[in-house]
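A.B. asks: Turn these sequences into a full structure, and let the hints guide you.
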Amino acid sequence: MIAAIRDPNPVIFFEHMWLYHGVREEVDNSPTAASLGKAAIRRAGRHVTVVSTGWMVHKALEAAETLAVEGIDVEVVDLVSLAPLDIDTIASSVRRTSRIVVAHEAWKVGGIGAEITAAITEACFFDLEAPPVRVGAPHHPLPMAKPLRDAFVPDVNDLLRAIRQAMAT
Numbered sequence: 001m002i003a004a005i006r007d008p009n010p011v012i013f014f015e016h017m018w019l020y021h022g023v024r025e026e027v028d029n030s031p032t033a034a035s036l037g038k039a040a041i042r043r044a045g046r047h048v049t050v051v052s053t054g055w056m057v058h059k060a061l062e063a064a065e066t067l068a069v070e071g072i073d074v075e076v077v078d079l080v081s082l083a084p085l086d087i088d089t090i091a092s093s094v095r096r097t098s099r100i101v102v103a104h105e106a107w108k109v110g111g112i113g114a115e116i117t118a119a120i121t122e123a124c125f126f127d128l129e130a131p132p133v134r135v136g137a138p139h140h141p142l143p144m145a146k147p148l149r150d151a152f153v154p155d156v157n158d159l160l161r162a163i164r165q166a167m168a169t
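According to the numbering used here, the stretch in the sequence shown is residues 1 to 169, in order.
Accuracy of the hints is not assured; some may be wrong.
[Stated by the list, open to error] Using C-beta positions, here's what the derived DEER-type ranges look like: (1) E70 - N9: 40 to 50 angstroms; (2) P8 - V69: 42 to 52 angstroms; (3) A4 - A168: 31 to 41 angstroms; (4) D155 - D73: 17 to 27 angstroms; (5) R6 - F126: 37 to 47 angstroms; (6) P141 - R46: 33 to 43 angstroms; (7) A145 - E122: 33 to 43 angstroms; (8) K146 - F125: 33 to 43 angstroms; (9) I12 - A118: 17 to 27 angstroms; (10) A119 - R161: 20 to 30 angstroms.
The hints are simulated quantities; they were obtained by calculation from the structure and are not laboratory data.
Since we're looking at a predicted model, the values are computed, not measured.
Glycine residues also receive a C-beta, built at the ideal position from the N, C-alpha and C atoms.
C.D. replies: Here is the structure:
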């Protein structure tokens with residue numbers, strides 16, 4: 001939000017309502033705080049890159065902690081902004097880890113994950129040891145009943161399966 005306020009151009013800012021409940025972080029208000037168009041490495045890792053945004057960043061960090069016990073070192077990249085998209089930071093991470101999982105809550109088909117996967121395949125094809133893996137919602141309308149919504153929206157278990165799939169290849 002700070003980067004959006006400081007940017008001289010018009011900015012559309014989306015807040016995820018689930019971030020209001022239970023997620024607490026220190027806010028970096030320094031002049032060098034996050035900037036639009038620059039992804040942030042939230043957790044360094046060696047084996048697989050997980051790229052996500054919003055609520056899914058926290059789920060990716062949770063999955064990374066779980067997998068650390070198994071010896072899988074996950075790097076978590078927070079997109080920060082979708083446009084402009086920081087492919088350079090993502091590609092740099094993928095070149096180090098040789099694997100990528102893209103996780104978001106939007107539809108898996110036609111979402112930002114598909115665009116990131118295409119861009120990384122173009123930029124890092126010969127660096128990849130496994131095909132990119134996408135985690136996203138099924139291509140159906142979002143149910144409003146909480147139990148159905150919880151089953152619909154990707155969660156930590158979906159991320160764990162996807163990361164293990166990327167590592168198994």
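A.B. asks: None of the hints should be skipped; say for each whether it holds.
C.D. replies: Against the structure, the hints come out as follows:
{"no.": "1", "hint": "E70 - N9: 40 to 50 angstroms", "in the structure": "holds (44 angstroms)"}
{"no.": "2", "hint": "P8 - V69: 42 to 52 angstroms", "in the structure": "holds (45 angstroms)"}
{"no.": "3", "hint": "A4 - A168: 31 to 41 angstroms", "in the structure": "holds (39 angstroms)"}
{"no.": "4", "hint": "D155 - D73: 17 to 27 angstroms", "in the structure": "holds (22 angstroms)"}
{"no.": "5", "hint": "R6 - F126: 37 to 47 angstroms", "in the structure": "holds (38 angstroms)"}
{"no.": "6", "hint": "P141 - R46: 33 to 43 angstroms", "in the structure": "holds (39 angstroms)"}
{"no.": "7", "hint": "A145 - E122: 33 to 43 angstroms", "in the structure": "holds (40 angstroms)"}
{"no.": "8", "hint": "K146 - F125: 33 to 43 angstroms", "in the structure": "holds (41 angstroms)"}
{"no.": "9", "hint": "I12 - A118: 17 to 27 angstroms", "in the structure": "holds (23 angstroms)"}
{"no.": "10", "hint": "A119 - R161: 20 to 30 angstroms", "in the structure": "holds (24 angstroms)"}
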